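Working from the sequences, and respecting the hints, build out all of it.
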Amino acid sequence: MTQMTFARAINSGLRKSLENDPKVILMGEDIGTLGGVFRVTDGLQKDFGTHRVVDTPLAESAIMGTAVGLAYRGYRPVVEIQFDGFIYPAFDQIVSQVAKLHYRTQGAVKMPITIRVPFGGGIGSPEHHSESPEAYFTHTSGLRVVSVSNPQDAHTVIQQAILSDDPVLYFEPKRRYHDKGEVDEGIDPRTALPMDSARVVTEGTDVTLVAYGPLVKTAKDAATAAADEGISIEVIDLRSLAPVDYATVEASVRKTGRLVVTHEAGQSGGLGAEVAASITERCFYHLETAPVRITGFDIPYPYSKLEMHHLPGLDRILDGVDRALGRPNSLSGLEG
Amino acid sequence: MSTDRNLIQLVTPAGERISHPEFDPWVKDIGDEQLCSLYEDLTVIRRIDVEATALQRQGELGLWPPLLGQEAAQVGSGRALRDDDFVFSSYRENGVAYCRGVDLTDITRVWRGTASSGWDPYSVNMATPQIIIGAQTLHATGYAMGIQNDGADSVAVTYFGDGATSEGDVNEAMVFAASFQAPVVFFCSNNHWAISEPVRLQSHIQIADRATGFGIPSLRVDGNDVLAVMAATRVALDRARHGGGPTFIEAVTYRMGPHTTADDPTRYRDANELEDWAAKDPILRIKALLERKGLLTDQVQQHVHDKAESVAREIRSGCIGMPDPEPMDIFKHVYSEPNSWLDRQQDHYARYLASFGDPAGATSEEGAR
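These protein sequence lines map, in sequence, to chains S and E.
Going by numbering that gives the first Met the number 0, the first sequence opens with residue 0, and the numbers climb by one from there.
Going by numbering that gives the first Met the number 0, the second sequence opens with residue 0, and the numbers climb by one from there.
Hints are computed from structural coordinates only; laboratory data are not their basis.
All values derive from a computational prediction rather than experimental measurement.
Where hints are given, some of them may not hold.
[As the list claims (entries may be wrong)] DSS-like cross-link-like pairs, simulated, lysine-lysine; straight-line CA separation at most 25 Å: (1) S:K219 x S:K254; (2) S:K99 x E:K331; (3) E:K331 x S:K109; (4) S:K45 x S:K15.
[As the list claims (entries may be wrong)] Residues of chain S clear of chain E, computed beta-carbon distances all greater than 12 Å: (5) Q44; (6) K99; (7) P125.
Every residue, glycine too, gets a C-beta built ideally from N, C-alpha and C.
What follows is the structure, encoded as structure tokens:
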């Protein structure tokens with residue numbers, strides 16, 4: 000076990016993938032000599048060469064579209080989209096090409112492309128640098144979407160994403176890049192918990208609190224704070240956003256009878272709505288109350304002096320827990 | 000003789016072979032037999048197009064994008080390729096697909112709606128047709144970067160129309176191709192119309208000149224002259240194979256039919272324009288050349304006619320005889336690996352279908368209720 004930052008853990012996972020398979024190739028803006036704007040790819044070009052770690056021109060659609068061509072040729076491209084808000088120029092190539100080519104060619108062409116996206120807010124950036132666009136991609140069939148919340152998962156899941164024959168969007172919570180944690184670099188990604196499985200982070204009996212990526216830490220903090228008030232929260236880290244491991248969430252809700260989902264992305268049409276609806280379908284008679292969503296607002300990501308109002312924090316999450324439990328909360332007295 | 004001094008031309012619209020010191024050497028191996036073979040290909044491809052258009056009119060195909068008038072651009076380039084080159088085309092390059100050896104029934108499969116695509120790309124080294132305008136130019140460039148990494152000397156070739164050159168992807172593809180000196184050939188079939196938008200709306204300069212701005216050498220060739228297209232393509236392929244990087248070819252041709260069978264070109268284009276281009280018809284041109292050379296014998300004509308008719312019969316019977324897919328096929332190949340969301344939906348739909356007890360009834364519009 001080694002203590003390392005989240006960013007370093009991804010770097011180590013990428014390094015292992017580059018070592019293990021000569022067909023793995025990294026592409027993106029500034030990922031070579033600079034090592035990426037967050038230094039996630041630091042040192043990789045130096046060790047693996049400019050043909051394995053490719054600094055590209057600034058053109059997101061081209062980064063994605065050439066990755067498609069490389070995948071046609073038998074490569075396993077790992078592309079970096081520098082920031083969440085820059086992914087939109089590549090949207091067409093992702094949803095119309097990467098996602099659909101396996102289906103379109105009746106399985107003849109595989110698209111084992113990993114798309115790394117630093118996402119989410121909380122770092123005081125200007126606009127286009129703090130977005131949570133995951134729902135656009137969870138809605139697109141043919142893609143797998145994951146988001147990791149701790150260095151160990153970051154290290155293991157990036158390798159699993161690269162090993163997968165399906166295209167994977169790998170959302171990295173950028174405000175956690177410098178968080179440190181224990182990482183066992185010897186874990187075999189093939190035998191580790193599969194990347195499409197959720198994980199129970201904290202066991203509890205009163206409320207199921209579902210989070211992913213950057214908010215898992217906040218959710219854990221909320222559980223700790225709630226415990227002081229005698230409320231037992233079970234925190235689930237979804238890890239996989241498409242598909243969601245509903246079996247794990249369902250088992251928890253059957254036990255607690257209450258569901259709170261939290262994410263930074265806006266509420267309408269977000270993943271929280273999907274989780275709430277699916278869990279309601281699956282265990283309606285086990286729910287004591289309607290599922291609660293604590294999310295970002297349906298607004299463009301705000302300027303940094305106000306982002307703490309947009310991002311679900313510990314107190315907003317606890318307020319949602321109070322709603323689920325029927326305790327006094329900010330919406331008490333409101334109907335509907 | 001063409002009045003366009005930039006246009007590479009080896010055969011005039013009247014069928015006269017004219018010399019071109021720079022490009023003649025690239026087709027010096029094309030003797031009488033090969034000329035007759037090119038004439039056969041052009042004729043067969045036109046016959047495929049006519050038959051498929053008829054199949055669409057008869058309700059056997061949902062849609063068809065005719066290539067009438069563009070046969071020489073497709074055959075001249077398609078026949079220049081090596082088996083290990085890889086093609087990324089648009090939906091109109093059925094002539095190129097024929098040259099690559101795509102099964103004729105497979106060409107109609109996607110337009111009949113029995114599959115999302117017709118063939119295994121690796122069986123003929125040609126990706127299945129791209130519907131999104133220009134997206135395939137990036138795939139070709141990426142593939143070419145892969146060729147480069149592999150140290151191979153094959154080439155990726157991408158086909159697109161004049162309208163596609165307005166798309167960001169085509170421009171980004173040229174940036175990447177030039178930056179990495181990727182072995183890719185950009186083959187633009189300038190057929191003058193992007194559905195109803197004329198080429199003058201896409202570009203104020205000759206399209207071939209745009210490539211220069213990206214640092215990519217370009218050739219502008221008479222797209223209705225099969226020999227000239229072949230020569231230009233061979234030049235570009237040779238450059239790519241020998242580390243010379245990308246080349247852009249503008250094949251100046253004309254879409255004599257509609258954009259697709261859903262389109263009505265009489266609403267937007269002048270009949271005189273069509274007439275002018277009909278005089279430059281690529282098949283009439285090579286026919287005239289063969290005639291001048293005394294090669295257009297009854298035997299050759301009969302052989303070409305018989306071949307075209309047999310291909311037409313094959314494509315018709317293949318298309319009509321194609322079985323409908325099974326309902327559960329809808330779920331196949333979305334993912335390479337199991338997906339719990341889709342597995343559940345698939346399971347639920349199978350139970351739903353089974354609830355009718357009669358699978359055939361369950362797939363009819365009325366259902367079994």
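Right, here's what the structure says about each hint:
1. S:K219 x S:K254: Within the cut-off at roughly 19 Å; holds.
2. S:K99 x E:K331: With a Cα-Cα distance of about 12 Å, the restraint between K99 (chain S) and K331 (chain E) holds, given a limit of 25 Å.
3. E:K331 x S:K109: holds (14 Å)
4. S:K45 x S:K15: Satisfied, since the Cα-Cα distance of roughly 15 Å is no more than 25 Å.
5. Q44: holds (15 Å)
6. K99: violated (8 Å)
7. P125: holds (24 Å)
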